[in-house]
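Work out the full structure: start from the sequences and follow the hints.
Residue numbers (the working numbering), protein chains in the order written: chain A, 546 to 872; chain B, 546 to 872; chain C, 546 to 872.
Bear in mind the hints are in silico, worked out from the structure with no lab data behind them. Mixed in with the good hints, there may be bad ones.
[Stated by the list, open to error] Result set (SDA-like, lysine to any residue): computed pairs, CA atoms no more than 25 Å apart in a straight line:
(1) C:K820 to C:A773
(2) B:K557 to A:K557
(3) C:K820 to C:I845
(4) B:K820 to B:V771
(5) A:K557 to C:K820
(6) C:K557 to B:I742
(7) A:K557 to C:D709
Below are the chains, spelled out letter by letter.
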Amino acid sequence: GSAEMGIVGGGKDAPGVSTYVGNTRDSSVEFNNDFTLTVVGSGQTDSGLSFGISVDFSTDAEPNENGNVALDNEAVFISGDFGTLTLGEIDGAVDKRLTEAHNAVGQYSIGDDETVHAGYQGSYGDAAYDNQILRYDYSFGDFGFSASMELNDDKGTTPATADDADNGYALAISYNTDMGGVGLGFGLGYQYLEAGIGGWAPGNLSDYGFAGWAAGTEVDIIAATVSADFNNGFKAGFEYSNYDPSGAGNSDVDHYAIGLGYTMDALSVGASYGKFDTSGDDADGWALTAAYDLGGGAAIVAGYSDSDVDNNDGDYETYSLGVAMSF
Amino acid sequence: GSAEMGIVGGGKDAPGVSTYVGNTRDSSVEFNNDFTLTVVGSGQTDSGLSFGISVDFSTDAEPNENGNVALDNEAVFISGDFGTLTLGEIDGAVDKRLTEAHNAVGQYSIGDDETVHAGYQGSYGDAAYDNQILRYDYSFGDFGFSASMELNDDKGTTPATADDADNGYALAISYNTDMGGVGLGFGLGYQYLEAGIGGWAPGNLSDYGFAGWAAGTEVDIIAATVSADFNNGFKAGFEYSNYDPSGAGNSDVDHYAIGLGYTMDALSVGASYGKFDTSGDDADGWALTAAYDLGGGAAIVAGYSDSDVDNNDGDYETYSLGVAMSF
Amino acid sequence: GSAEMGIVGGGKDAPGVSTYVGNTRDSSVEFNNDFTLTVVGSGQTDSGLSFGISVDFSTDAEPNENGNVALDNEAVFISGDFGTLTLGEIDGAVDKRLTEAHNAVGQYSIGDDETVHAGYQGSYGDAAYDNQILRYDYSFGDFGFSASMELNDDKGTTPATADDADNGYALAISYNTDMGGVGLGFGLGYQYLEAGIGGWAPGNLSDYGFAGWAAGTEVDIIAATVSADFNNGFKAGFEYSNYDPSGAGNSDVDHYAIGLGYTMDALSVGASYGKFDTSGDDADGWALTAAYDLGGGAAIVAGYSDSDVDNNDGDYETYSLGVAMSF
Chain A
546 GSAEMGIVGG
556 GKDAPGVSTY
566 VGNTRDSSVE
576 FNNDFTLTVV
586 GSGQTDSGLS
596 FGISVDFSTD
606 AEPNENGNVA
616 LDNEAVFISG
626 DFGTLTLGEI
636 DGAVDKRLTE
646 AHNAVGQYSI
656 GDDETVHAGY
666 QGSYGDAAYD
676 NQILRYDYSF
686 GDFGFSASME
696 LNDDKGTTPA
706 TADDADNGYA
716 LAISYNTDMG
726 GVGLGFGLGY
736 QYLEAGIGGW
746 APGNLSDYGF
756 AGWAAGTEVD
766 IIAATVSADF
776 NNGFKAGFEY
786 SNYDPSGAGN
796 SDVDHYAIGL
806 GYTMDALSVG
816 ASYGKFDTSG
826 DDADGWALTA
836 AYDLGGGAAI
846 VAGYSDSDVD
856 NNDGDYETYS
866 LGVAMSF
Chain B
546 GSAEMGIVGG
556 GKDAPGVSTY
566 VGNTRDSSVE
576 FNNDFTLTVV
586 GSGQTDSGLS
596 FGISVDFSTD
606 AEPNENGNVA
616 LDNEAVFISG
626 DFGTLTLGEI
636 DGAVDKRLTE
646 AHNAVGQYSI
656 GDDETVHAGY
666 QGSYGDAAYD
676 NQILRYDYSF
686 GDFGFSASME
696 LNDDKGTTPA
706 TADDADNGYA
716 LAISYNTDMG
726 GVGLGFGLGY
736 QYLEAGIGGW
746 APGNLSDYGF
756 AGWAAGTEVD
766 IIAATVSADF
776 NNGFKAGFEY
786 SNYDPSGAGN
796 SDVDHYAIGL
806 GYTMDALSVG
816 ASYGKFDTSG
826 DDADGWALTA
836 AYDLGGGAAI
846 VAGYSDSDVD
856 NNDGDYETYS
866 LGVAMSF
Chain C
546 GSAEMGIVGG
556 GKDAPGVSTY
566 VGNTRDSSVE
576 FNNDFTLTVV
586 GSGQTDSGLS
596 FGISVDFSTD
606 AEPNENGNVA
616 LDNEAVFISG
626 DFGTLTLGEI
636 DGAVDKRLTE
646 AHNAVGQYSI
656 GDDETVHAGY
666 QGSYGDAAYD
676 NQILRYDYSF
686 GDFGFSASME
696 LNDDKGTTPA
706 TADDADNGYA
716 LAISYNTDMG
726 GVGLGFGLGY
736 QYLEAGIGGW
746 APGNLSDYGF
756 AGWAAGTEVD
766 IIAATVSADF
776 NNGFKAGFEY
786 SNYDPSGAGN
796 SDVDHYAIGL
806 GYTMDALSVG
816 ASYGKFDTSG
826 DDADGWALTA
836 AYDLGGGAAI
846 VAGYSDSDVD
856 NNDGDYETYS
866 LGVAMSF
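Next comes the structure, spelled out in structure tokens:
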């Protein structure tokens, strides 16, 4: 399990992407404590297939009082020579095989500042429907292959507005190698989805006021990432993705992001920047993270992010400071 | 603990009895994953009484994303020479002592297809109020006796419509014997309830559009079951119950069901059929289940059910296919 | 973990302070079962600081059926020579250092009868905002010191009614000593809060129909307690607190309470009485508790309370009887 305690805060317009939510009135700071208990079960069939489940018990509704317990990242798998089949609230194939810039840096904060800004993209076309994904993984040497599917549950809010979007699917490959002492990782993926009721927009854009593509729009996503570990304390990552919508009047969106991290003894720092380039307004954002390892599973972690959206002068900064613990 | 992964699906009119819910528009299929973690605590008093609690943590709101955690089957007990007293979300006396047809078969599916059809009856008069039941059990040799009570909490949705239904109670006996190599189980029970606000109907009937008896209707239930294990792979069960309502214009409802199962090595198959015979429209339904045991606690399980309601041409079929795991 | 089973009941006007809620129509009795599972995690940094989390999984919405799981008393701490810093749903400094009359008695019931009456006061100015409290504790010999803070999250129900109340804070000290064979405990504390949207009233007063002070009222709280263990089976406690509101037309509220308990072999009994003395109507209440220890962690526990509010002739009595278990 893991736990966090500290403060989260930020500007009045920060959308509810993660822990901190702006109050639209002025800047604010709040206490935040969180915990996650991961329960794992596993077994093996007579023919040697392994199977199991992993599920996180964690608080929801933080930073408010007394949240219910939410199940997060619930996943059931069965694995054998044929590969691994996993069903649950998991990454789709593209998100599984690609390493986004901030993951290449490998740091986090208790307010998730590195993932909440307007320039962040972290799950490609996943969770377009009910976020229940079936994924198949297969590895051979340094190569990995994944394919995934997310079914549209075909449930409208009323019968009259039934959601008959296509199912989504994704394909991706990864390749890891070592070149002159630098560990390199490459990922390439394709994903398809059809926007359901409520529309769809990449990344956090809809939280930042972007309209999104209307229901029925078919979106093709192509994405590639490169990550590097220089084995001298420095790490770096780069990601690119393109979102190609169907429909007259809809235009491509490009996203790119870069991240850089450095670790020296107990201290590590990181920075990441991302941008969505649309035919109209653009959105970008950046984040700084720092961690000081106290040993024994505890670390002091700090994060900061800010966002910039064209023609939208919001107060979007977020910050957090606290202690992260793992048990 | 246990877990499941697979697909559930069915017709557009399938009511929300269990995992799969029809969308009223067309047939559909959905991913489903579930898990249950059972927590047990127990102790012993100085005088030798044993006591304990059992509670299931499981997902609710599946097959949708990210359900909260629900407590299910929470029960606290204290046990001694006098018998066992249990309080919680448990079977009433009749459901405890009788073995319904599909339980005699002893199979299940990840979509609970065997319990969702219109001809299924599985809990007699339990859960007419708040589903908190106090039950006393006593066994002597092959005989078992149970008595239970469910209090009407006397809570209306508004003071003006206070629910002042009687408390419910139930009495039942069971007898197990062996006759010519065939294991036989007999159960006989009586249960009483008064319909509260919202009325009451047996089995899944209200989910299939039956009106139910109005608030204030007193219902006497008599039920009997016979189950047989032929010890050659075949198992069978038969159940009968009668629902006798008070009130002018209300008529008896009869329910009967039959089940048959066969196990050969790792494969087992089962079938069950049930029917509600009312003075007006009848409802019946049937289910097929199959399981292939992979060993180590894992099994591939499949289920199918369909329902037939007089003068109601709904598309009620359900099916499921997946892997069930226990740890 | 712990569990309870039994009945709770009482008068029609008992407010929803704890397990039993009156139905406004007539007296009622209900089954109640509850369980709490406490999960604890802890670790140690390289420099010797200890850290950890404690969280209770328990049912909510009892005594109704099938509650969700609620996280209660979630707290994360880090501790060292400097003292202990704790963040979560915890006691504020005053509640931590002072021993209320019913706590000095040290008994409880499954319906929490001893804490639900109109004369009960148990948390001073805690939970005025979101009940997330950061507290610092330091002990030196028989003395203890605590300081705590609760941030106003500054969230209104709408932007137009933003809640900009001050943050709350609290300071308290405790001293334990032995005088002529009698164990004595003293506590003294000060707390400040500003009433947010919805106003604020001490103790359970708002549940018993008191209007509370309007948003923006600043409240100074001074409190003192004395507890005594006579080491012959008798225990006693006394508490006093004063609530001094700002604002024209607002008047002080005084609260005092006294408790007495006696234990002989397996049997223990307790009584407590408390009163809120306001410039207008007064409210008082009293409770009786009894427990018979069965050994092994099980006890039969009974409780009774009644309340008396000036000019409010409600039927406020509550009672409970059951078995409490710990594992």
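* To do: Identify every previously stated hint that the structure contradicts and give their numbers, smallest first.
  => The structure conflicts with hints 2, 3, 5, although it agrees with all the remaining ones.
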